[in-house]
Amino acid sequence: MALRDELLKSIWHAFTALDVDKSGKVSKSQLKVLSHNLCTVMKIPHDPVALEEHFKDDDEGPVSNQGYMPYLNKFILDKVTDNFDRQDFNKMCWTLCARKNLDQSQLLISNDDAFKIWCIFNFLSEDRYPLIIVTEEIEYFLRKMTEAMGGSWVEERFEDYKLQLNLKQQCLNAWELITLVGSGHFSKGIDRQTFSMGINEVYQELILDVLKQGYMMKKGHKRKNWTERWFTLKPNSISYYVAEDMAEKKGDILLDGNCNVEALQDKEGKKCLFFMKSSQKSFEISASDKKKKQEWIQAVQSCVNLLRQGRPAPHREARQKRRELRLKQQAEHEELELRMRELQMANEVKQLELENMRKALEEAAANAAEEEKRRLQTQTELQDRYKMDLEREKIVRQQMEEQVAQKSTELEQYLQRVRELEDMYHQLEDALEDEKRARQDEETVRRLQARLLEEEATKREELEQIHLRQQRAISETEAEKQELERERVAKEDALQSAMKQLEQLEQERHGALEQYQTVIKKLEDATNNTKTWKHKVAQHEGMLRLIQPGSKGQQRITNWGPAAFSEAELSLREKKWQEMKATQAQ
Numbered sequence: 001m002a003l004r005d006e007l008l009k010s011i012w013h014a015f016t017a018l019d020v021d022k023s024g025k026v027s028k029s030q031l032k033v034l035s036h037n038l039c040t041v042m043k044i045p046h047d048p049v050a051l052e053e054h055f056k057d058d059d060e061g062p063v064s065n066q067g068y069m070p071y072l073n074k075f076i077l078d079k080v081t082d083n084f085d086r087q088d089f090n091k092m093c094w095t096l097c098a099r100k101n102l103d104q105s106q107l108l109i110s111n112d113d114a115f116k117i118w119c120i121f122n123f124l125s126e127d128r129y130p131l132i133i134v135t136e137e138i139e140y141f142l143r144k145m146t147e148a149m150g151g152s153w154v155e156e157r158f159e160d161y162k163l164q165l166n167l168k169q170q171c172l173n174a175w176e177l178i179t180l181v182g183s184g185h186f187s188k189g190i191d192r193q194t195f196s197m198g199i200n201e202v203y204q205e206l207i208l209d210v211l212k213q214g215y216m217m218k219k220g221h222k223r224k225n226w227t228e229r230w231f232t233l234k235p236n237s238i239s240y241y242v243a244e245d246m247a248e249k250k251g252d253i254l255l256d257g258n259c260n261v262e263a264l265q266d267k268e269g270k271k272c273l274f275f276m277k278s279s280q281k282s283f284e285i286s287a288s289d290k291k292k293k294q295e296w297i298q299a300v301q302s303c304v305n306l307l308r309q310g311r312p313a314p315h316r317e318a319r320q321k322r323r324e325l326r327l328k329q330q331a332e333h334e335e336l337e338l339r340m341r342e343l344q345m346a347n348e349v350k351q352l353e354l355e356n357m358r359k360a361l362e363e364a365a366a367n368a369a370e371e372e373k374r375r376l377q378t379q380t381e382l383q384d385r386y387k388m389d390l391e392r393e394k395i396v397r398q399q400m401e402e403q404v405a406q407k408s409t410e411l412e413q414y415l416q417r418v419r420e421l422e423d424m425y426h427q428l429e430d431a432l433e434d435e436k437r438a439r440q441d442e443e444t445v446r447r448l449q450a451r452l453l454e455e456e457a458t459k460r461e462e463l464e465q466i467h468l469r470q471q472r473a474i475s476e477t478e479a480e481k482q483e484l485e486r487e488r489v490a491k492e493d494a495l496q497s498a499m500k501q502l503e504q505l506e507q508e509r510h511g512a513l514e515q516y517q518t519v520i521k522k523l524e525d526a527t528n529n530t531k532t533w534k535h536k537v538a539q540h541e542g543m544l545r546l547i548q549p550g551s552k553g554q555q556r557i558t559n560w561g562p563a564a565f566s567e568a569e570l571s572l573r574e575k576k577w578q579e580m581k582a583t584q585a586q
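Everything in the sequence shown is counted per the numbering used here, starting at 1 for the first residue and increasing by one.
Hint data in this document are derived by calculation from the structure and do not stem from the laboratory. Ideal placement from N, C-alpha and C gives every residue a C-beta, glycine not left out. Be aware that a few hints might be false.
To be verified - Here are the simulated distance ranges between beta carbons:
(1) D384 to E410: 30 to 40 Å
(2) E262 to P45: 45 to 55 Å
(3) L361 to R326: 44 to 54 Å
(4) E574 to R439: 29 to 39 Å
(5) W153 to R223: 44 to 54 Å
(6) E332 to L361: 34 to 44 Å
(7) E422 to K521: 25 to 35 Å
(8) K387 to E410: 25 to 35 Å
(9) K521 to Q482: 54 to 64 Å
(10) E332 to L3: 24 to 34 Å
(11) D21 to S183: 23 to 33 Å
(12) P45 to Q193: 41 to 51 Å
(13) E262 to D127: 36 to 46 Å
Stated by the list, open to error - With a cut-off of at most 25 Å between alpha-carbon atoms, the simulated SDA-like pairs for lysine to any residue come out as follows:
(14) K144 to Q329
(15) K43 to A14
(16) K249 to M216
(17) K575 to S475
(18) K222 to L254
(19) K491 to L448
(20) K270 to G251
(21) K581 to Q471
(22) K491 to E401
(23) K28 to Y71
(24) K249 to F84
(25) K218 to Q164
(26) K188 to D160
(27) K290 to T227
(28) K218 to S288
(29) K91 to E201
(30) K481 to L495
(31) K144 to H333
(32) K281 to G214
(33) K212 to Q320
(34) K407 to L468
(35) K267 to S278
(36) K79 to A14
(37) K290 to V242
(38) K91 to D209
All chains, please: the whole structure from these sequences, using the hints.
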């Protein structure tokens, strides 16, 4: 820290103490007194007229801290050198501010200890106004003070206090720090003298830059005798006094990068010797024991190394590193906050986009649900319609199956009748064969039989025609079912008519059979003679055939024998039947 920054902290306390009504301004008369005292303590020539000249254009009365700073920099701080007693300067500023802010009755420490804590506060406080000390520096100070008193640092106690501090403000001003230390919260079980010694040791290290101190024996340069002296080590010098109170200084050993320190062998009855050589003199010193000897050698050598490297005292360098680390962490924190804000803004934008997408999805889902509902409703209606159609188709199919089954039953009955007629026809053929062999006797009967057979053949053809039509009608598509139904009714009528005719023919046949029985009796003898011949003819030809005129074309053979008409006549009749069917369909 530069000299100007250190001085400004103490001056700020003094200026703030003069601001009695806390308006942020101080009267010019008080500033004259403060400026005079500052110049006197820092050994600067004081010009009493300079303040009036500097503020001659400002007649508004009291002067603010910002208004006083230009004068302070120009007429005081710019002229200051490091040839004054820093402790007297601090005590002058302390005297001005302590009377207003310090309540000694509430403290367990003396006014001198409170002053030292105030100086330590200025050293550890942040370089911003109003001055405050952060939690990290409070812990650093309390830890060093506890170590100086020989106590043990209780981390849990400070963590509890830090938690309470974080809930409030996370920092302290100078008077709050003095109250914290003076209340004895972190020095329980330690007497006041030890407490004061601990504060003084921390004060000497941090404020007076005393890195090490203690009694040692020094060999004189003239008398060569050994005398006990109180030594204090600072970053650039070693001072030695008559006693520990440092009332009488006996000399200084100036340190620089060329100084050298090394251990010596025991001699002249002295032990734990080491040798220091500076640019001016050399010194032989005897420590009380080997540990002290080694500690002093290392401490002096560390100071020499720091001077060679141009580095400040360890506690000042450590303070600077802590501040730089805090600034770095603060910058990182600010950058992190900035990034967090950017991420939050981006997140809000994303959230807005997601909300819009969610609304769009909800709307699309609602539309899809409505569309699905309509689709399901339409599908349900179609399914109901299809079910109804299927039910109707099923009913129609059952009806058609019933009709087909009925027609099949009727067809079976019809075929049964046809088979019965065929049997009757075969029996009739057998009878006619017998009549043929006895044609001389049954000429009349044969003619009648021939006529009946011819008519029966005609009816048989008609029945075959009806049978074929019914088979074709059964294989037709559903579109022809109604037409087939009408044809079936017509065919049934025709079948009934044919049955009536067959019954009539049957009656006639019975009449013929009765006549035939009469003829049989007459021709019984002839039949017995020709029985063997008829049996042979039946085995070779299957049945007897009537003598008929020769056919004009190729004769059609059926299951019952030769047909009554040719293939050409059958085709012609089929053609006529198709035409008749087409005409009825129209």
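>> Check the structure against each numbered hint from earlier and tell me which ones fail, lowest number first.
In response: When the structure is compared with the hints, numbers 19, 25 and 31 turn out to be violated.
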